[in-house]
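Fit chain B to the known structure of chain A by using the hints.
2 protein chains.
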Amino acid sequence: MGTSSAEAAFPPLFRLAAGLRLVLASHSPRRRQFLREWGLPFTLLAPSCDEPRPLPGEAPAAYACRAARAKVMAARAAEGRRPAGDRRLLLGADTIVALGADILGKPQSAEHAMAMLRRLSGATHEVISAVCLLGPDDEEVTFHDVSRVRFAAWPDAVLAAYVATHEPDDKAGAYAVQGQGAVLVEAVDGSWSTVVGLPVTPLATIMLQRGWMQPAG
Amino acid sequence: MGTSSAEAAFPPLFRLAAGLRLVLASHSPRRRQFLREWGLPFTLLAPSCDEPRPLPGEAPAAYACRAARAKVMAARAAEGRRPAGDRRLLLGADTIVALGADILGKPQSAEHAMAMLRRLSGATHEVISAVCLLGPDDEEVTFHDVSRVRFAAWPDAVLAAYVATHEPDDKAGAYAVQGQGAVLVEAVDGSWSTVVGLPVTPLATIMLQRGWMQPAG
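If you're matching them up, the sequences are chains A and B in order.
Numbering-wise (my numbering), the first sequence opens with residue -15 and increments by one.
Numbering-wise (my numbering), the second sequence opens with residue -15 and increments by one.
Please note that a few of the clues may not be correct.
What the hints assert, rightly or not - So the derived list for chain A, only partly shown, Cβ under 8 Å to chain B, looks like this:
no., residue
1, 149
2, 169
3, 172
No lab work stands behind these hints, which were simulated from the structure alone.
This structure is a prediction, so every number in the text was calculated from the model and none was measured.
Note that beta-carbon positions come from the ideal geometry of N, C-alpha and C, so glycine has one too.
Bound-form chain A, shown alone (with noise of 0.2 Å):
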């Protein structure tokens, strides 16, 4: 990793069993970044993978978890075949936004922005974020956590100044609540870190429950 502004070092929260590798399957600036904020030194290995369509009928979170998995597996099938005595854990996380049974993904264009943050205006819409964990013995925890988000009711022409940020560009569902499209939210009822694409609270129970890592210090 590289030591600019953006990737500067944090006094560590956390530290990783001995012998022990983190391996992160995403391309996601925000969950390296709560990786750093943790102290955890690691390595990527998110090569493009088909992301899974949601099947007919599948619930929102079980088709995050899938997502999430289905990068997990793409990096273990990029990894090839490991030393013997190797311990890694591999890392993959998805994160959707759903709207009663609708999920919203990623907007083609600024019109298709603009539309869906109409239907999330003045409404309140789920966020799923999914979390894969593949440790050394290829043993696998999946779980999720979902928060709820309710936009306060806004007039077209500031949703039309947010679409014109381009913020909304790469977001699924059109914004992003840890930047500018942090005024659109009045409330969260859940984890803001599930939001914004990782939920941190459960990640460490379990890596600190399962001997993965341990607090710094």
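This is chain B only, laid out in the frame that chain A set:
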């Protein structure tokens, strides 16, 4: 304002009303960051003033409003006589952490931070952010917003590792939800920005309603 990487310009989401200048009566880096994310230019005028102390029996929200107002009034006193026709909007804010009837301030030492975090661990507390606005004709708008924050139950070793990062040192309640402290917080019920220190959604709504700003574009 400088233009270091931490102060990068954002594509504007809002713009101030013509002729209006915004003056922030706060030293908080996160409050500045929210205004930058809106794309609003502002200057700082935050003279050190004696922070008011909670009165016996005073409700936490009433105290937060009084403290926000005190910051604005200190800035108003410091600005001296304004030229005729000068149109400025003063903005002050205060954030407090309340556990039951107790208001938790900034920790005085590492031991004090540890004691606060032990009280918050496994419990739900309230974060109250109050904002005071003083418009061009000295018209005053003061409001507050309350969010409930639930900490997961953490062992002492995790809390001690967090104290050792020094992030708690200058934070009310000894944690920063937007920083390494994010992992401690299992759930928020309410506005995340209120927990960070500025209730951006009601603030934007009021500023739009009063005509102090408009959507950009």
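Comparing the hints with the structure gives:
no., hint, result
1, 149, "4 Å, holds"
2, 169, "7 Å, holds"
3, 172, "5 Å, holds"
Hint compliance for this structure: no hint is broken.
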